[in-house]
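Using the sequences and the hints given, assemble the complete structure.
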Amino acid sequence: MLRFIVRRLLQAVLALFVLSVLLFAWLRSLPGGVVSALLGERGTPAAAAELRAQLGLDDPIFVQYWRFLERALRGDFGISNGVYRGEPAWDVFVQRLPATIELSIVAMVIALTLAIPLGYIAARRKGGWLDTGSVVFSLIGVAVPVFFLAYVLKYIFAVQLGWLPPSGRASVGINATHITNMYMLDGLMTREWDAAWDAFKHLILPAVALSSIPFAIIFRITRAAVIDVMEEDYVRTARAKGLTARTIRGRHIMRNALIPVVTIVGLQIGALLAGAVLTEKVFAYQGIGQALAIGFERRDYPVLQVLIMMAALIYIVVNLLVDIAYAVIDPRVRTK
Amino acid sequence: MTAQPTADPALDRSARTAPLLAVRDLTVTFGRGRREFRAVDGVSFDVAPGQTVGLVGESGCGKSVTSLAIMGLLPARGNTIGGSATFAGEELLTMSGNELRDRRGRDLAMIFQDPLSSLNPVVPLGTQVAEVIERHKRVSRGEAREQARAMLDKVGIPDPTRRLKEYPHQLSGGMRQRALIAMALACEPRLLIADEPTTALDVTIQAQILALLKELVQDSETALVMITHDLGVVAGLCDEVNVLYAGRIVERAGRHDLFARPRHPYTGGLLASIPRLHEERGRLTPVPGSVSDNIPWEQGCAFAPRCSSAIDVCVQQTPELVPDPGHGPDRLLRCHNPLPAPPTAAGSGQPAEEETP
Ligand SMILES: Nc1ncnc2c1ncn2[C@@H]1O[C@H](COP(=O)(O)OP(=O)(O)O)[C@@H](O)[C@H]1O
Ligand SMILES: [Mg+2]
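The listed protein sequences correspond, in order, to chains E and B.
The first sequence begins at 1 in our numbering and counts up by one.
The second sequence begins at 1001 in our numbering and counts up by one.
Hints were generated in silico from the structure; no laboratory data involved.
Please note that the accuracy of each hint is not assured.
Unchecked claim - Computed, partial: chain E to chain B, Cβ under 7 Å:
1) 233
2) 234
3) 236
4) 239
5) 240
6) 241
7) 242
8) 243
9) 252
10) 255
11) 256
12) 330
13) 331
14) 332
Stated by the list, open to error - Calculated Cβ distances over 12 Å to all of chain E for the following chain B residues:
15) 1029
16) 1060
17) 1079
18) 1080
19) 1136
20) 1203
21) 1255
22) 1288
23) 1292
24) 1325
25) 1329
26) 1340
To be verified - Sample of chain E residues facing chain B (criterion: CB under 8 Å; computed from the structure):
27) 232
28) 237
29) 244
30) 247
31) 251
Fair warning: this is a prediction, and the values are worked out from it, not measured in the lab.
We put the beta carbon where it would ideally sit given N, CA and C, even for glycine.
Listed below in structure tokens is the structure:
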């Protein structure tokens, strides 16, 4: 188990290293080079030369890379030259990360709590109307683009019905104490119930939009896994032992069916980050997805660098955790 | 010839004791209409307490379907079950799900062919044994675990305390089957159905598992239904043997009788193909041809196309399962042209039977 984790950690470090090389190469290959990218329209030849020297662009390429890497490890990705002008890119990331984590967790919780029970029920009633209905629904879930769903939800529930706020993370006039910068969690921790409720209302629509793809995929994987597992001999053995329906479902069917589901949940973290870019943009939700979208529009390279690098890191770490969870539920992996 | 104390010389144990399991005219049909397929076709047999009854036949003849129907383990949809199966006088086939669940694992238990796939790969062995104890006996979790450990010990699994925490993939095939036997016998069931329990194991392990089963059922007076395609398995274990062909019983006899004097040509073919120890075991074809040559029972004898003794009537008239003349009411045969009964002193080494003519 320990060797397994160490090996996966080494793989993660290697993946991040490769990514850092790619990011570095990308910056170097920008049209006009990094200097014009950083200076923008203000660039004069003198300023450019000064910046070149300051950035050490005349040094050999691997020295430059080493410097880039060393700074990156200290969280120094440079200063934003986009909307957050003057702010260190790292700070832009750190301030906005909790918002995206909170949104992703709520979206994942919605997806899991709906998809797993529904997948189980659909599998048990394979071919019935509930099964057919859910399968069609989940197909729509994957097929509809996230930003379109986000716009539709916003239009119906925020603009037309006015039930939920159309954008942002908190209403104006809500005075809240912030500890983690996850607004709902903060509200709960400080017992500022109105702030928590307000944050929750802001989360619902973007989280539902963001949950659509993970929901659809987890539903289909759960359904297929349960159908497979129910055919297994060990389920028949469990029934032959006279076990209660509940034990058979929990211990013998779901514990096996959840193995592929756990894997897919890990893979969905990537889809979640990608979906967050679109969803956060539609709902003007101030997370790293929105920052990434704005960063691309404004060519804010320092911000883009830190966000891409950290998104990759998050993705790798989450998948490592998923692999460990996988080993915990599947002894065949653990005791190899 | 020995003098018989009873009026009916063929009266055996099953007739003296009320049967524990009585299967009557069991019929299982899959599908509907034109795609209808009758896997089990009017099977009847009794199992008395402590008795071991064999169900023998080639793959696909309906052995597993028979046992699953008795246990109530056939898929909920896509099949029709007819006839009756009573356990200690109670009808199993119409019993509610809850009542059946209370009996399965406690009164009736079953072990299956493939020990690896029959064990849950992600649940420790200890839990898989203890859960059946916890379900049926009113004991605490700790007590169930202790009984599970004792059970693993009883079926000959070394170092049972350590094994409790292990998973099926960490055990050998023979140990896995022992674990399944431990689960099946954990609540001292009165009836055990063993569906080809040794087919997936290699020959030396087979012998060990059979010896273990024999010892356990003898010790506890458990009735055993032994299902196998291998008459060699039956030889050391069964009191009575039912030979199944295409969903119907074609011959029933006491073990010694069957081995000494097979009457149905199919039984004869099976006997001729018993694998000897140390011999290469391929996929045995006991008789020429395959089940795909069968004709429907409605037209005659399903086995006729493969039968070397077949005569005209075999493809014209369905043979009935009737007492074999001269063998008393417990030896049954479904054949128009049975094998000739050999002379008594056939020198087969089997003990002579009293009812020999
Ligand atoms: N669930 C099922 N649906 C349709 N046919 C089945 C099903 N289970 C078994 N059968 C058929 O019933 C026949 C008897 O099967 P089975 O009892 O498993 O044979 P065996 O004697 O080898 O155990 C076979 O022809 C098999 O194809
Ligand atoms: Mg079978």
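Here's how the hints hold up against the structure:
1. Annotation: interface hint on residue 233 (chain E) holds; nearest CB of chain B at approximately 4 Å, less than 7 Å.
2. For the restraint placing residue 234 (chain E) at the interface with chain B, the shortest Cβ-Cβ distance is roughly 4 Å, inside the 7 Å limit, so the hint holds.
3. Against a cut-off of 7 Å between C-beta atoms, the interface hint on residue 236 (chain E) holds, since the closest Cβ of chain B lies about 6 Å away.
4. For residue 239 (chain E), the interface hint holds, since its Cβ comes within 7 Å of a Cβ in chain B; the closest pair sits about 6 Å apart.
5. A least Cβ separation of about 5 Å between residue 240 (chain E) and chain B falls short of the 7 Å threshold, and the interface hint therefore holds.
6. The interface hint given for residue 241 (chain E) holds, since its Cβ lies 4 Å from the closest Cβ of chain B, which is under the 7 Å cut-off.
7. At a threshold of 7 Å, the smallest CB-CB gap from residue 242 (chain E) to chain B is about 3 Å, leaving the interface hint in force.
8. Annotation: interface hint on residue 243 (chain E) holds; nearest CB of chain B at approximately 6 Å, less than 7 Å.
9. A hinted interface residue such as residue 252 (chain E) counts as satisfied when its beta carbon comes closer than 7 Å to some beta carbon of chain B; here the least separation is about 6 Å, so the hint holds.
10. At about 5 Å, the closest approach between the beta carbon of residue 255 (chain E) and any beta carbon in chain B falls short of 7 Å, and the interface hint on this residue holds.
11. Because the smallest distance between the Cβ of residue 256 (chain E) and any Cβ of chain B comes to about 6 Å, under 7 Å, the interface hint for this residue holds.
12. For residue 330 (chain E), the interface hint holds, the least distance from its beta-carbon to any beta-carbon of chain B being 6 Å, beneath 7 Å.
13. Checking residue 331 (chain E) against chain B by beta carbon gives a least distance of about 4 Å; that is within 7 Å, so the hint holds.
14. A distance limit of 7 Å between C-beta atoms decides the matter here; for residue 332 (chain E) the minimum to chain B is near 5 Å, and the interface restraint holds.
15. Distance to chain E confirms residue 1029 (chain B) as a non-interface residue, since its nearest Cβ pair spans about 20 Å, more than 12 Å.
16. Against the 12 Å criterion, residue 1060 (chain B) stays outside the reach of chain E, whose nearest CB is about 18 Å from its own CB.
17. Residue placement check: residue 1079 (chain B) keeps its beta carbon more than 12 Å from all beta carbons of chain E (closest about 15 Å).
18. For residue 1080 (chain B), the non-interface assignment is confirmed: its Cβ lies about 19 Å from the closest Cβ of chain E, beyond the 12 Å cut-off.
19. With a minimum CB-CB distance of about 7 Å to chain E, residue 1136 (chain B) fails to clear the 12 Å threshold, and the non-interface call is violated.
20. Residue placement check: residue 1203 (chain B) keeps its beta carbon more than 12 Å from all beta carbons of chain E (closest about 23 Å).
21. The beta carbon of residue 1255 (chain B) sits about 27 Å from the closest Cβ of chain E, which is more than 12 Å, so the claim that it is off the interface holds.
22. Here residue 1288 (chain B) stays apart from chain E, with its beta-carbon at least about 32 Å from theirs, past the 12 Å limit.
23. For residue 1292 (chain B), the requirement that its beta carbon stay farther than 12 Å from each beta carbon of chain E is met, with the minimum near 25 Å.
24. At roughly 40 Å from the closest C-beta of chain E, the C-beta of residue 1325 (chain B) stays outside 12 Å, upholding its exclusion from the interface.
25. Every C-beta of chain E lies more than 12 Å from that of residue 1329 (chain B), the closest at about 33 Å, which supports listing it as non-interface.
26. Consistency note on residue 1340 (chain B): stated as away from chain E, and its beta-carbon is indeed over 12 Å from all of that chain's, at 43 Å minimum.
27. Interface restraint check for residue 232 (chain E): the shortest CB-CB distance to chain B comes to about 7 Å, inside 8 Å, so the restraint holds.
28. Taken as an interface hint, residue 237 (chain E) checks out: its beta carbon lies about 5 Å from the nearest beta carbon of chain B, inside 8 Å.
29. Of the supplied interface hints, the one on residue 244 (chain E) holds, with its beta-carbon coming within about 7 Å of a beta-carbon of chain B, less than 8 Å.
30. For residue 247 (chain E), the interface hint holds, since its Cβ comes within 8 Å of a Cβ in chain B; the closest pair sits about 7 Å apart.
31. A hinted interface residue such as residue 251 (chain E) counts as satisfied when its beta carbon comes closer than 8 Å to some beta carbon of chain B; here the least separation is about 6 Å, so the hint holds.
In this structure, the one hint that does not hold is number 19.
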